[in-house]
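Following the hints, complete the assembly by docking chain B onto the known chain A.
Listed below are the residues making up each chain.
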Amino acid sequence: TQLLEQSPQFLSIQEGENLTVYCNSSSVFSSLQWYRQEPGEGPVLLVTVVTGGEVKKLKRLTFQFGDARKDSSLHITAAQPGDTGLYLCAGGDSGAGSYQLTFGKGTKLSVIP
Amino acid sequence: NAGVMQNPRHLVRRRGQEARLRCSPMKGHSHVYWYRQLPEEGLKFMVYLQKENIIDESGMPKERFSAEFPKEGPSILRIQQVVRGDSAAYFCASSRQGPYTGELFFGEGSRLTVL
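Chains as they are written, first to last, in the working numbering: chain A, 271 to 383; chain B, 152 to 266.
This is chain A alone, in the form it adopts within the complex (with noise of 0.2 angstroms):
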């Protein structure tokens, strides 16, 4: 069964300040997705990485896949209020055949004004 951690499970930050948060795995993915969730609201897609090494910027927001493809984290510079949310890593196997998506618990950011 493949897992994966995030890491912190909670942080609350002062508008401005810079976070990185972290989605890690003992198992190899064929690509990792990064999702945002609202409160009563469906995950959104942020971003979707299939290199080993890959970095993807959007915006505020830096993304980057692990060399061995088994880690992502996600980078936030200058956190803003809107920023607040649910953050979701995802991972597909391909190679193994599998059809689904494989989701850690999430990173609840708070953004303090």
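Since the hints were made in silico from the structure, they are not lab data.
Just to be clear, a hint being listed does not mean it is correct.
Example chain A residues on the side facing chain B (calculated, C-beta under 7 angstroms, incomplete) [claimed, not checked]:
#, residue
1, 292
2, 306
3, 313
The list that follows gives simulated cross-link-like pairs (lysine to any residue, SDA-like), each with its CA atoms no further than 20 angstroms apart [what the hints assert, rightly or not]:
#, chain 1, residue 1, chain 2, residue 2
4, B, 195, B, 207
5, B, 222, B, 175
6, B, 195, A, 337
7, A, 378, B, 207
8, A, 375, B, 175
Cβ atoms here follow ideal geometry from the backbone N, Cα and C, with glycine treated the same way.
Okay, now just chain B, sitting in the frame of chain A:
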């Protein structure tokens, strides 16, 4: 373009009743997935369907749960004889290509409460 549409958004059932949750995928998407999210838990895969076919139902409980995606109309997740443990948010997602790209578009979810 409209996103993934789920209804009802909220559903209350008493133990033993049936719950039917509907999902219309995004236009042009023929792959549909159902995930369940329990409080303080991550999203758990239930089933993957293409039109008229169940491709992978490895995450579905063996009893009381069924899913379909008919040629016409929305995908339906059906839970018979609901129990309190079925209370959760049920999310439907769709994709244009198969699941290996991992780029799923989720609906806003249907929140089932079993009294």
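How the hints compare with the structure:
Nearest Cβ of chain B to the Cβ of residue 292/A: about 15 angstroms, over the 7 angstroms cut. The hint is violated. Nearest Cβ of chain B to the Cβ of residue 306/A: about 11 angstroms, over the 7 angstroms cut. The hint is violated. With its C-beta approaching chain B no nearer than about 5 angstroms, residue 313/A sits inside the 7 angstroms limit, and its interface hint holds. Straight-line distance between C-alpha atoms of residue 195/B and residue 207/B comes to about 13 angstroms, which keeps the hinted pair within the 20 angstroms bound.
The hinted pair formed by residue 222/B and residue 175/B meets the criterion: a straight-line CA distance of about 12 angstroms does not exceed 20 angstroms. Restraint check for residue 195/B and residue 337/A: the C-alpha separation of about 26 angstroms exceeds 20 angstroms, so the hint is violated. For the hint pairing residue 378/A with residue 207/B, the CA-to-CA distance comes to about 30 angstroms; that exceeds 20 angstroms, so the pair is violated. Proposed proximity of residue 375/A and residue 175/B is contradicted: the alpha carbons are some 26 angstroms apart, above 20 angstroms.
The structure fails hints 1, 2, 6, 7 and 8 (numbered hints given earlier, in ascending order).
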